[in-house]
Amino acid sequence: DQQVKQNSPSLSVQEGRISILNCDYTNSMFDYFLWYKKYPAEGPTFLISISSIKDKNEDGRFTVFLNKSAKHLSLHIVPSQPGDSAVYFCAAKSSGDKLTFGTGTRLAVRP
Amino acid sequence: DAGVIQSPRHEVTEMGQEVTLRCKPISGHDYLFWYRQTMMRGLELLIYFNNNVPIDDSGMPEDRFSAKMPNASFSTLKIQPSEPRDSAVYFCASSLTSSYNEQFFGPGTRLTVL
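Chains as they are written, first to last, in this note's numbering: chain A, -18 to 92; chain B, 307 to 420.
Okay, chain A solo, but in the shape it has when bound (with noise of 0.2 Å):
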């Protein structure tokens, strides 16, 4: 049963445009997300994270929003770079417990 999951396999933008990564989750105890970026044969790196606590989380071009009672996150990048191609992958946890990770979408930024 994936408790997080990315529903969209890839996305294309615009360069300059905004790119709307989503994310939904399943488990109501989850209270940290986390999103990862990664580059083809390289490891995940991680860019933004967002406690329970808060709705939102800005760092620079990017910023997560959560929708607590929609159990759902997403990840803005404003404005889209071609740099920006990569593979995104959503992470949740709750207190005491190992991260669950969603299958990932690819995103594409046309210059």
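These aren't lab readings, by the way, just hints derived from the structure by calculation.
Yeah, the Cβ is synthetic: ideal placement off N, Cα and C, and Gly gets one too.
There's no promise every hint is true.
Said to hold, decoys possible - Short, incomplete list of chain A residues facing chain B, as computed with Cβ under 8 Å: (1) 22; (2) 27; (3) 80; (4) 83; (5) 84; (6) 85.
Stated by the list, open to error - If you want a taste of the chain A side facing chain B, the calculated C-beta under 7 Å gives, among others: (7) 23; (8) 24; (9) 25; (10) 70; (11) 76; (12) 79; (13) 82.
Fit chain B to the supplied structure of chain A, relying on the hints for placement.
Only chain B this time, still in chain A's reference frame:
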């Protein structure tokens, strides 16, 4: 620092063979994690060590999988016997703390079991 080093980068083997994946964490990191990535399940944490001691191996899929960390600079993940469904990319990561924000991942080993 060279980062987390994994070997081999690619491994092709036949069903039933033993496979050993290797990882050298970043020097000074006390935590080491093994992950598996598949298309169907995404990234899964298999096991992690703290100061060379296995802390949580609940993600290890079955007894065919075993992991060791004989010292602070080396870890292995072994599959014996291997099966086609073990085909995946296996990542090793290390960190100074248990915080997931601070993990550094290696480039991964792509395993194909025929």
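State the violated hints by number, sorted upward, taking the hints as numbered earlier in the document. 11
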